[in-house]
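Student: Below, each chain spelled out in residue letters.
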Amino acid sequence: MTQAAHAEPTVKMGLPMSNGKLAMWMFLVTEIMFFTGLIGTYIILRNGTPGSTEPLRWPHPHEVHLDERIGAFNTFVLICSSFTVVLAHYMVVKRNFKAATLLIGGTLALGALFLVVKAYEYKGKYDHDILPGLMGENLLVRKDKDGKEVGKPMTADKERLLYPTSVAWYEHVRGELKAIVDKGPADDKYAKESAELLDAMNGKDVTRTDAQGNAVKNEKGEELKDYVPPLSPAELGNRVNELLENAEKDGKTLHVAPAIPFGNLWASCYFAMTGFHALHVLGGLVIFAIILLMGMMGKLGPQHESMLELTGLYWHFVDIVWIFLFPLLYLI
Amino acid sequence: MATTNVENVDTHDDPDHHSKVFRAYLIVFIALSVFTLASFLANWAEQAGMYSVATAAAIILVVAVIKACLVGIIFMHLKWDWYKLYFMIVPAFIIGTMMIIVLLPDIVLAWHH
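Protein chains in written order, with the working numbering: chain A, 1 to 332; chain B, 333 to 445.
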C-alpha cells in the first residue's frame with residue numbers, strides 16, 4: 001500500500017468507507033427491503049391465483065393493455081441514463097466538469113423521458129378504465145381470438161361467490177354505457193350497441209308468442225307475458241368485453257370498465273409497484289436538476305466527486321428495480 | 333481540507349484504473365442493451381409459440397438477474413466494495429426471500445379453487 005507518504009492516523013474505528021457512502025448504501029438496503037416487499041407480494045398474490053385457462057385466472061399482459069415494446073423502450077432509456085450518470089462521475093474524477101454537467105443534463109432528460117412514457121401508459125389505463133376497484137371480475141366463458149370457447153365456463157356457485165363485488169361493477173358499467181348513449185350521436189354504432197346492452201341490463205316483461213309468432217292470450221283475452229331477467233354479471237362481462245374488442249378493431253377506445261378476472265388485484269399491484277418506482281425516479285430527477293444547476297453556474301468542483309458517486313448509486317438502484325419490474329409485469 | 337477519498341485508496345494504486353473502468357462501463361452498457369433485446373425477443377418467441385411459458389419465464393428471469401448483477405458489480409462499484417458491504421446487502425435479500433416463503437402456505441398453496 002502506498003500510504004507511507006500519508007501521516008498514519010490514530011486508531012480508526014469503523015469501515016474503510018466514507019460516511020456518505022456507507023449511509024447511502026444503508027439507505028439502499030432499506031430500499032431493497034421496500035421493493036422486495038412490493039415485488040414479493042405481487043409474486044405471492046399472482047402465484048395464488050389459478051393458473052389454468054378457466055375464466056378465472058391472472059390476466060395476460062395484453063388483456064390489460066400492456067405493451068411490452070413500450071416497456072422495453074423504457075428499460076433501454078433507464079439503462080442509457082445509468083450509463084450517463086456513471087460517466088458523469090467519471091468525468092468529475094477526470095476534472096472535466098463541463099462534460100460532467102452535460103452528462104447530468106442527459107441523465108435528467110432520459111429520466112424525464114421515462115416519466116413521460118409512464119404517464120402516457122397511465123393515461124392509457126385510465127382511458128380503458130383499467131383502475132383498481134373498477135373492473136368486473138366475472139366472465140361467463142373465455143373465448144380465444146377466433147371466438148372459440150377455451151377452458152371451463154363459470155359455474156353458478158362461483159358466480160354467486162363473486163356476486164357482491166360484481167354489483168358495484170354492474171352499476172358502474174350502467175353509468176358508463178349511459179354516458180356513451182347520451183353523448184351520441186344517436187346513429188353512432190357504439191351508441192346503439194351501448195343502448196342495446198343497457199336495455200338487456202334491465203329485466204323486462206316480454207309478450208309470450210306461440211310458434212307462429214302470435215301473442216298467446218289467456219281465457220280473458222289478456223296477453224301473457226314472460227319475465228326476461230337482466231343479464232347476470234358474468235354474461236355482462238362477456239358482452240362488455242365483446243363490445244370493447246369490436247371498438248378496438250375500429251381503433252376506438254370506449255370508456256367502459258372491462259371484465260377482467262383478477263383485474264383489480266392486477267391493477268393494484270401494477271400501480272403500487274410502478275407508482276412507487278416512478279416516485280423514486282422523480283426524486284432522483286430533483287437531485288439531478290440541482291446538480292445540473294450547480295454545473296451550469298460553474299460551481300461543480302473536485303469536492304463534488306463523492307456527491308456524483310452517491311447520486312449515481314441511488315440512480316443505479318432505481319434502474320435495477322425497473323430491470324426486475326419490466327419482465328415481471330410486461331413479459332411474463 | 334485535503335480531499336482524501338478513503339475508499340478509493342486501493343483502487344487508485346493502479347494507474348490504469350480509470351481507463352480500464354471506462355472500458356468496463358462501455359462494455360456493460362452494450363451488454364445491458366443486448367440483454368434487454370434478448371429478453372424482449374425471448375418473450376416474442378414464446379408468443380409465437382416456439383416454446384412454453386415456463387421456458388420463457390426462466391430465460392427472462394435469468395437475464396434480469398444477470399443485468400442487475402452487471403449494474404451492481406460495475407456501475408455501483410461493488411466489484412471493489414463488496415467485502416465492505418455484503419453484510420448489509422445479503423440479509424436484505426434473505427429477508428425478502430423469507431417473506432415469500434413464509435406467506436406461501438396461506439396465500440399460494442391454500443387457495444380454494
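Treat the hints with care, as some may be off.
Unchecked claim - Quick list of simulated restraints, FRET-style, between CB atoms: (1) B/P423 <-> A/P16: 26 to 36 Å; (2) B/L436 <-> A/G151: 38 to 48 Å; (3) A/T165 <-> B/I359: 17 to 27 Å; (4) A/T207 <-> B/D438: 48 to 58 Å; (5) A/T155 <-> B/A377: 49 to 59 Å; (6) A/D250 <-> B/F425: 23 to 33 Å; (7) B/G381 <-> A/N218: 51 to 61 Å; (8) A/P185 <-> B/A386: 23 to 33 Å; (9) A/E222 <-> B/V440: 58 to 68 Å; (10) B/K352 <-> A/F73: 27 to 37 Å.
Said to hold, decoys possible - Think about it this way: if two alpha-carbon atoms lie no more than 20 Å apart in a straight line, the pair counts; the simulated EDC-like pairs of lysine to aspartate or glutamate are: (11) A/K249 <-> A/E137; (12) A/K145 <-> B/E378; (13) B/K416 <-> A/E31; (14) A/K125 <-> A/D210; (15) A/K12 <-> B/E378; (16) A/K152 <-> A/E171; (17) A/K183 <-> A/D127; (18) A/K123 <-> A/E31; (19) B/K352 <-> A/E305; (20) A/K225 <-> A/D210; (21) A/K204 <-> A/D188; (22) A/K183 <-> A/E137.
Stated by the list, open to error - If the Cβ cut is set under 8 Å, some of the chain B residues that face chain A in the computed set are: (23) S351; (24) F407; (25) L417.
If you are wondering where the hints come from, they were derived from the structure by calculation, not from laboratory data.
Backbone N, C-alpha and C define an ideal beta-carbon position, used for all residues, glycine too.
Student: It remains to establish, for every hint, whether it holds in the given structure.
Tutor: Structure-based check of each hint:
no. : hint                          : verdict
1   : B/P423 <-> A/P16: 26 to 36 Å  : violated, 21 Å
2   : B/L436 <-> A/G151: 38 to 48 Å : violated, 25 Å
3   : A/T165 <-> B/I359: 17 to 27 Å : violated, 52 Å
4   : A/T207 <-> B/D438: 48 to 58 Å : holds, 54 Å
5   : A/T155 <-> B/A377: 49 to 59 Å : violated, 36 Å
6   : A/D250 <-> B/F425: 23 to 33 Å : violated, 49 Å
7   : B/G381 <-> A/N218: 51 to 61 Å : holds, 60 Å
8   : A/P185 <-> B/A386: 23 to 33 Å : violated, 50 Å
9   : A/E222 <-> B/V440: 58 to 68 Å : holds, 60 Å
10  : B/K352 <-> A/F73: 27 to 37 Å  : holds, 31 Å
11  : A/K249 <-> A/E137             : violated, 23 Å
12  : A/K145 <-> B/E378             : holds, 17 Å
13  : B/K416 <-> A/E31              : holds, 19 Å
14  : A/K125 <-> A/D210             : violated, 48 Å
15  : A/K12 <-> B/E378              : violated, 56 Å
16  : A/K152 <-> A/E171             : violated, 27 Å
17  : A/K183 <-> A/D127             : holds, 16 Å
18  : A/K123 <-> A/E31              : violated, 27 Å
19  : B/K352 <-> A/E305             : holds, 19 Å
20  : A/K225 <-> A/D210             : holds, 12 Å
21  : A/K204 <-> A/D188             : violated, 25 Å
22  : A/K183 <-> A/E137             : violated, 27 Å
23  : S351                          : violated, 10 Å
24  : F407                          : holds, 5 Å
25  : L417                          : holds, 5 Å
The structure shown violates the earlier hints numbered 1, 2, 3, 5, 6, 8, 11, 14, 15, 16, 18, 21, 22 and 23.
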